[in-house]
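What follows is each chain in one-letter form.
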Amino acid sequence: MESASNTNTSQDEGPTTDDRQSPDLVLPQDRQHDGRQAEMPFAVVQGQPFTQLPRDLYIPPDALEVFLEAFEGPLDLLLYLIRRQNLDILEIPIAEITKQYMTYVEMLRELQFDLAAEYLVMAAILAEIKSRMLLPRQPSDDEDEGDPRAELVRRLQEYERFKQAAADLGELPRESRDYFLTEVHFEHTQVVRVSPEVDLNDMLSALRDVLSRAELFSHHIIQREQLSVRERMSHIIDRLRDTPWIEFPELFSAEEGRSGVVVAFLALMELTREQLVDLVQHEPLGQIYIKRPGSKLPI
Amino acid sequence: MNNTPTPLKNILEAILLASREPLSPKQMAAVFPDDEQPTTADIGKALEELAQECAGRAVKLNRVASGWRYQVRESMAPWVAKLWQERPQRYSRALLETLALIAYRQPITRGDIEEVRGVSVSSNIIRTLQEREWIRVVGHRDVPGKPALFGTTKAFLDYFDLSSLDDLPTLAEIADLESIEPELALEPAMDARPSAEQAPTSTG
Amino acid sequence: MNNTPTPLKNILEAILLASREPLSPKQMAAVFPDDEQPTTADIGKALEELAQECAGRAVKLNRVASGWRYQVRESMAPWVAKLWQERPQRYSRALLETLALIAYRQPITRGDIEEVRGVSVSSNIIRTLQEREWIRVVGHRDVPGKPALFGTTKAFLDYFDLSSLDDLPTLAEIADLESIEPELALEPAMDARPSAEQAPTSTG
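Protein chains in written order, with the numbering used here: chain C, 1 to 299; chain H, 1001 to 1204; chain E, 2001 to 2204.
The following block holds chain C by itself, in its conformation from the complex (with noise of 0.2 Å):
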């Protein structure tokens, strides 16, 4: 029957996986300090290991969230909650497993945490494996529907093969970081390296495509902002290179009439806004200089 028992666990558990781990993966293992793998935190919080569930619903919220990121998914903590304590995948104590996925659920929940829909949902099916648990079980039943925690099972096998596979691909030597490429001089003395063509159209969807998925469009300042006004911002930027202050009327020429004096303006503007220069001026009616952030005007 269920058991009512606190889900505590002792302190002095040994290792319980033997998971090859890349020191790429972000596992709540690689979170701790000392390599030790006495007891797997589930996460380390401006140094402290978590590696309890946390009895009382208070935990600061930025442990919460590092708590969270920990995890691949549902499968991913009813793994952990079962490999926490040596458990056997195939005998899961479904009521203690339940009761341990429950309170860390209802701990997000109650501290209003951005819950993925997958760990409701886990939660619903295995209230419902505990109940049909509970339910006196007749022999011929077996033939119908077998363990209510099959399903269950089967998913959370299936789940740590490819856990375990992704950490065996992480260990795999990759270019750059384990073995490199040679990349030796030759001379193009008579070759000409032949640059691949690009048509404006191909540049021109390219960004539709990827300003569509970041819903840039939506932005009314970016549709009505002029191009040249960003051209000209790239031009006041690289001026300021080589000099650490302009003065005001330098951005302005009269050949460019009234129309480069207003992109010249607002390309200023734009660039004080983003905070890529700053605009000074020491007394009122004085002269105003253009400088980069953080260098000092000489006066």
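A few of these clues could be false.
To be verified - Here are the simulated lysine-lysine pairs, DSS-like style, with alpha carbons at most 30 Å apart:
hint, chain 1, residue 1, chain 2, residue 2
1, E, K2082, E, K2060
2, H, K1082, H, K1026
3, H, K1060, H, K1026
4, H, K1045, E, K2146
5, H, K1082, E, K2060
6, E, K2082, H, K1060
7, H, K1026, H, K1154
8, E, K2146, E, K2026
9, E, K2026, H, K1082
10, H, K1060, E, K2045
11, H, K1009, E, K2082
12, E, K2026, E, K2045
13, H, K1060, E, K2060
14, H, K1082, E, K2009
Unchecked claim - Just so you have them, the derived chain H footprint on chain E, three or more residues with Cβ under 8 Å:
hint, stretch
15, 2066-2078
16, 2090-2103
17, 2143-2149
Said to hold, decoys possible - Sample of chain E residues lacking proximity to chain H, with all beta carbon distances greater than 10 Å (derived):
hint, residue
18, T2040
19, D2042
20, K2045
21, N2062
22, E2131
23, V2137
24, H2140
25, Y2159
26, D2161
Derived from the structure by calculation, the hints contain no laboratory data. Beta carbons are placed, not taken as given, at the ideal position from N, Cα and C, and that holds for glycine.
Put chains H and E on the given structure of chain C with help from the hints.
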């Protein structure tokens, strides 16, 4: 003037060292004029000699999926890595799990991947994998919505220093829920069809 | 475990073969830990040995203004040159997106581009665009790390036959283009979890 013909071995060494991409024997042959093309056997013999000459050196001649390449040995990584300030890109567990599923289960849809992982697969992961040219769309499943089927590429194998999918680490076997039935012969690794690998979920 | 220390000569061979740029003795010494730095004399001796080992091979170790590098011997040019002639290349979607964002959102950092694109931008793309002289570093943003700000060049305008960036369609026009011909089949699958992935539209 020097009229000794340049040995094939030297020519291959030159093009292999200068190229950043692995070269297949066909690509190697293509640098010769039509009437002077070496046979595949000649190329093979020359490559073997070159490989032997790497003994005791910092590089080795290695065969990966898309051809042959010289590569700096892994034992040199502590020093070579210092050359660049940029750290090599790190890949998240989510990305590696997705990649593992595509590698071992190809062709596979995004939905299939989500089913095994129990969480949705972000578009960024798929896009990153496609941009790295590690995966590509190999077809579409003939069900409503025609979801794309993904498979891995030669570039994926090259990057992980593999010459074929068979070189991937063996996929772990699944312990049977009904451990009374040990006779189930599970495929160790490379079967592309899920049906062949799945453990039965009920008593038969 | 193998406890023989790696010979200096091998380490130098490794870094010289992996580096795209010539390396000065000082740069070579810098890949060693502070307490294990070889002397300039040791490095000089090792380089000499490496140079001698190139006898009869397709490459040589050469000293140029900024340091040492391996280079393919000139006599190999007829074959090596073919490698590049044969390559029919196309730029990747990722490169075109990066270029377009630099054109439309300049001055822009690599981080900004990554934020909009939602995936990392490879160094190769930036390098290719710089080598082609379509983009250049116009300055640096005054934040930690001082990331480079990129802008487009005159050569970029010339290539696309534009007299100024204003000749490019506005973003509004590009958006309209989309509504006229909706492209459905671009993405293998769209976001399952939009909130987690979208780049913040913080430009406003």
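Hints, one by one, checked against the model:
1. E:K2082 x E:K2060: Satisfied, since the Cα-Cα distance of roughly 20 Å is no more than 30 Å.
2. H:K1082 x H:K1026: It is violated: about 35 Å lies between the C-alpha atoms, which goes past 30 Å.
3. H:K1060 x H:K1026: Distance of about 21 Å is within 30 Å: holds.
4. H:K1045 x E:K2146: Cα-Cα ~52 Å, so violated.
5. H:K1082 x E:K2060: holds (24 Å)
6. E:K2082 x H:K1060: It holds: about 24 Å lies between the C-alpha atoms, which stays within 30 Å.
7. H:K1026 x H:K1154: Within the cut-off at roughly 16 Å; holds.
8. E:K2146 x E:K2026: holds (25 Å)
9. E:K2026 x H:K1082: At roughly 13 Å apart (the allowed maximum being 30 Å), K1082 of chain H and K2026 of chain E satisfy the hint.
10. H:K1060 x E:K2045: holds (23 Å)
11. H:K1009 x E:K2082: Judged against 30 Å, a Cα distance of about 17 Å means the pair holds.
12. E:K2026 x E:K2045: This hinted pair holds, its Cα atoms lying about 14 Å apart.
13. H:K1060 x E:K2060: Since the Cα atoms of K1060 of chain H and K2060 of chain E sit roughly 17 Å apart, the hinted pair holds (cutoff 30 Å).
14. H:K1082 x E:K2009: Holds, because 17 Å separates the two Cα atoms, which is no more than 30 Å.
15. 2066-2078: holds (count 5)
16. 2090-2103: Holds, because 3 residues of the stretch 2090-2103 of chain E bring their Cβ atoms closer than 8 Å to Cβ atoms of chain H.
17. 2143-2149: violated (count 0)
18. T2040: holds (17 Å)
19. D2042: Nearest chain H Cβ is 14 Å from D2042 of chain E, so the label holds.
20. K2045: Holds: least Cβ distance 17 Å, greater than 10 Å.
21. N2062: At roughly 13 Å from the nearest Cβ of chain H, N2062 of chain E sits farther out than 10 Å, so the non-interface label holds.
22. E2131: holds (14 Å)
23. V2137: Fine: 16 Å to the nearest Cβ keeps V2137 of chain E off the interface.
24. H2140: holds (15 Å)
25. Y2159: At roughly 24 Å from the nearest Cβ of chain H, Y2159 of chain E sits farther out than 10 Å, so the non-interface label holds.
26. D2161: holds (29 Å)
Checked against the numbered hints given earlier, the structure breaks hints 2, 4 and 17 and satisfies all the rest.
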